[in-house]
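Here the structure of chain A is known, so what remains is to put chain B in place on it, guided by the hints.
Chains as they are written, first to last, in my numbering: chain A, 1 to 449; chain B, 1 to 476.
What the hints contain is simulated information worked out from the structure, not anything from laboratory work.
Treat each hint with caution, since some may be false.
What the hints assert, rightly or not - Each computed SDA-like pair below joins lysine to any residue, with the alpha-carbon atoms no more than 25 Å apart:
| hint | chain 1 | residue 1 | chain 2 | residue 2 |
| --- | --- | --- | --- | --- |
| 1 | A | Lys221 | B | Arg476 |
| 2 | A | Lys444 | A | Glu260 |
| 3 | A | Lys445 | A | Ala414 |
| 4 | A | Lys141 | B | Ser355 |
| 5 | A | Lys438 | B | Arg476 |
| 6 | A | Lys221 | B | Gly441 |
| 7 | B | Lys365 | B | Gly441 |
What the hints assert, rightly or not - Taking CB as the label site, the calculated pair distances span:
| hint | chain 1 | residue 1 | chain 2 | residue 2 | range |
| --- | --- | --- | --- | --- | --- |
| 8 | A | Arg262 | B | Glu41 | 20 to 26 Å |
| 9 | B | Thr237 | A | Lys438 | 57 to 63 Å |
| 10 | A | Pro32 | B | Asn351 | 50 to 56 Å |
| 11 | A | Tyr85 | B | Asn351 | 22 to 28 Å |
As the list claims (entries may be wrong) - Quick partial rundown of chain A residues pointing at chain B, CB under 8 Å, derived from the structure:
| hint | residue |
| --- | --- |
| 12 | Leu144 |
| 13 | Asn166 |
| 14 | Asp167 |
| 15 | Lys171 |
| 16 | Tyr306 |
| 17 | Thr312 |
| 18 | Asn315 |
For glycine and all other residues, C-beta sits at the position ideal for the given N, C-alpha and C.
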Amino acid sequence: MRQFLFALAVAPTLAAAQNAPLRVPATVDTLPNGLTLIIHEDHSVPVVTTNVWFHVGSGDEKPGRTGFAHLFEHLMFMGSQNAPYPQFDRLLEAAGANNNGSTTEDRTNYYENGPSSSLPLMMWLEADRLGWLLPTMDGPKVDLQRDVVKNERRQSYENQPYGMVNDHLPKLLYAATHPYSWPVIGSMADLSAASVEDVKDFFRRYYTPNNATLVVAGDVKPDEVRALVRKYFSDIPRGPALERPVPATFSVRDTAIVLEDRVQLPRLYLNWHTVKGWHGDDAALDIAAYVLAGSRTSRLTQALVYNGEIATNVNAFQDGKRLDGDFSLVATARPGRGLDTLRTVIDAELARLATEGPTARELEQARNATEAAFLRGIEQVGGKADRLNAYYYQTGSPDSFQADLDRYRAVTSADVQRVVSQYLRTSRVMASVVPLGKLDLAAKKVIIQ
Amino acid sequence: MRTPAFLLCTLAPTLAFGQAFDRTQAPPLSAPPALKLPTLERASLSNGVTLQLVQQHELPLVQLTLVIAGGTKLDAGQPGLASFTARMLTEGAGTRDANVLQSELAFLGAQLFASAGTDAFTISLNVPRRTLEQALDLLGDVVLRPSFRAADVRRQRDLRLASILQRRDNANILASLAFNQLVFPPGHPYHRPSDGDSAATAALDSVMVRGFYDQTFVPERAKFVIVGDVTVPEMRTLLTRRFNGWTRGATARTMAAVTVKPVSNAQVKIYLVDKPNAPQSVIFLGAPGADRLSPDYPALMVMNTILGGSFSSRLNSNLRETRGYTYGISSQFSWQPLPGPFVVSSGVRSNVTDSALVEVFKEMKMLRDLEIDATELERAKAYVALGVPQRFETNAQIAGQLVNLGYFGLPLTSLGDFVSKVNQVTAADIQRVARQYLPAGTATLVVVGDLAKIRAGIEALNLGLLSVLDVQQVAR
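Just chain A, same shape as in the assembly (with noise of 0.2 Å):
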């Protein structure tokens, strides 16, 4: 499971402009052993919440086990020496909780939800796999969902119309040394080379108390879950401290390619190489997708669908990720139209903004949008844990909601326009995706001035 985490981020402008700051209040505590621990209370619905972060993702993987985080993400279900094997599961629906996680380039994160009752079980039970994982990992677990994970890739990438583009993306636009340029899925000849002792090496260097953080949030007493995480994590011992990979700088290499699928439409994919998370332009280039994409009257949606009808949907949007970034621009054609008619409108709508940038109108509208959005994410005490978890991560606070949506309402136009013109008037990775047999359909390669 992979989710855009950093891109959800796109965020806010909200009681901010009216008066009181936007606050989740959270407290942070630390273990002797490293552990992180992140209290949110929300009594508004008898639930709980917890949400471990590992500071892992496949970004950390070597050549030739690309994919190995989020096969390891699945391998935490598997049972631990005191739940074995189906206890984890079965142990938590029968207390009425649900649970689930997800792998993306930076990061690892599991998470339960259930009745406030259920929480000592939740604890026990992370506890337990931090802990305790080791003693029944064996090679018909790694097998296993070695298989299931291949069934993961079959069925989010494979079987999808246009998914085998998500392939060939991160390997274009990265430098071949960078830990973006591979699939956070991995390939299958990797997936099939990883092996116990893989497995075990990997969860001894990044799966430990001092390499994680757990949020608890919702119905709960912050001393009462102090002592439970204090009762169950305190004798997990310390792990190694972590070299994380540093990517070395690069440029883009502009690239077209074609790739043939067994759609109706055909549909141009075009990629850029940007920013990480939390940089200086981060925001403007979100606000940017959304002037570009974000609305039925964005300029390219109104250029593309609507004024134009060449287009059915055009999407964009910058993924600020934690070592780097990069920012999508995603177009189908209408029946009956080549992708080389969308590359050139874009290009011309791209040039435009580079030069005059977005409206007075057309940023309050963008930051009104976002503002709402993100009032939306918050929610679900779920929502909440994950961007405490998240923000934490990247700013060493979590309580950062307001720091996060003042960047946003700090953009300005001449900001937008710079960073159009900085980031997205350059070399470029261009896809285009065409119908079988219409290879006609591609858009043509052009080096922008």
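What follows is chain B alone, placed relative to chain A:
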């Protein structure tokens, strides 16, 4: 630096030494919190339109859903007209064209969607409290004064034709379309998808849309469901100002009673749809389902949880966790005003398609033939009963629960009854409903996959009559 020093308060040293306890035992569960349902308030406007409201003041947000009984069951003979009309409401209204309307909504931070379900139109507004009044002005226009301009109708019609064409790309959509066409015969409202087919869509024009709107968007079938940072007197005033002039109009369109019955097979029937080179086969297997108001409802919810409604369900444990055939498999009853289908669905690796089918039938048969043990039963009951509070976290979820119960004329308190009935379900109940509802020998089975690879294996199972469907016919 990940953590500024001032945020850290290292737990006292005693924390380093956990108290002695037995880690080998799962902690005992304390009693779950009692189900606390939201408080529902009611009112009505002077034109008779009712309001249901739940106050939620935690965040400055408001969810308002206008429900108008009707929906796609009213567009018989013109498939897609109901959902298209709903879609056109937000393409220009009052003095605003589509662009101005959508721009203002976005500017207000509002989300406004109109859609047609099988039995009702819903117009859903989600908006920050501070821009509620302006957003309600727009809602009033959208509901009462839609433009339906010919050029806008043509543009949306062309976009819909493109999306209908794209159904052929997606194996899950193909399987679902084929399954509904087979289980619900022509004339049944669930036979076809809400967005119709390409022939009917190509014929849509603004006159048809206007005519349908006039006969279906009528106040005597409408109610407001509101959840959020507002009160009844406040909403009553705001809505009266905008909707009091909405009065009974021309003769409202009604639906003839549905006389067509869903298809219950005498034996298993298999339908294949070819998707060359597909790495997975998508399976839809099922039968006509059950009535939401049946006394069997609580037992069916528990039985389905055991079969394929949870991660630990028998189907998922077997086909995913034991055999590695799939990323996931699930089963569900579709609870609709007319009984919807029961469906088992999954994407399975192409080369185990036949083996996967064997296991699905085996699991249905086992649940019919053998009484389940107490542990499995109690787990499923707890999962169903204790999951209810999680349906009430967001304003949209609460409104959704109210709208949904409304389709069946059920009060909010029926969820309390539901929980206590779930807690009384017995192993014998499970076996009885499994025997009655699981189509072990009568299923309609649709498989979308690479027929060159999977057909021979499926034929060799001798499950029942097999035929091949044309993609162009399934998605037309």
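Evaluation of the provided hints:
no.: 1; hint: A:Lys221 to B:Arg476; result: violated (57 Å)
no.: 2; hint: A:Lys444 to A:Glu260; result: holds (15 Å)
no.: 3; hint: A:Lys445 to A:Ala414; result: violated (29 Å)
no.: 4; hint: A:Lys141 to B:Ser355; result: holds (21 Å)
no.: 5; hint: A:Lys438 to B:Arg476; result: holds (22 Å)
no.: 6; hint: A:Lys221 to B:Gly441; result: violated (53 Å)
no.: 7; hint: B:Lys365 to B:Gly441; result: holds (9 Å)
no.: 8; hint: A:Arg262 to B:Glu41: 20 to 26 Å; result: violated (53 Å)
no.: 9; hint: B:Thr237 to A:Lys438: 57 to 63 Å; result: holds (58 Å)
no.: 10; hint: A:Pro32 to B:Asn351: 50 to 56 Å; result: holds (52 Å)
no.: 11; hint: A:Tyr85 to B:Asn351: 22 to 28 Å; result: holds (26 Å)
no.: 12; hint: Leu144; result: holds (5 Å)
no.: 13; hint: Asn166; result: violated (15 Å)
no.: 14; hint: Asp167; result: violated (13 Å)
no.: 15; hint: Lys171; result: violated (21 Å)
no.: 16; hint: Tyr306; result: holds (7 Å)
no.: 17; hint: Thr312; result: holds (5 Å)
no.: 18; hint: Asn315; result: violated (15 Å)
Comparing the model with each earlier hint shows violations of hints 1, 3, 6, 8, 13, 14, 15, 18; every other hint is respected.
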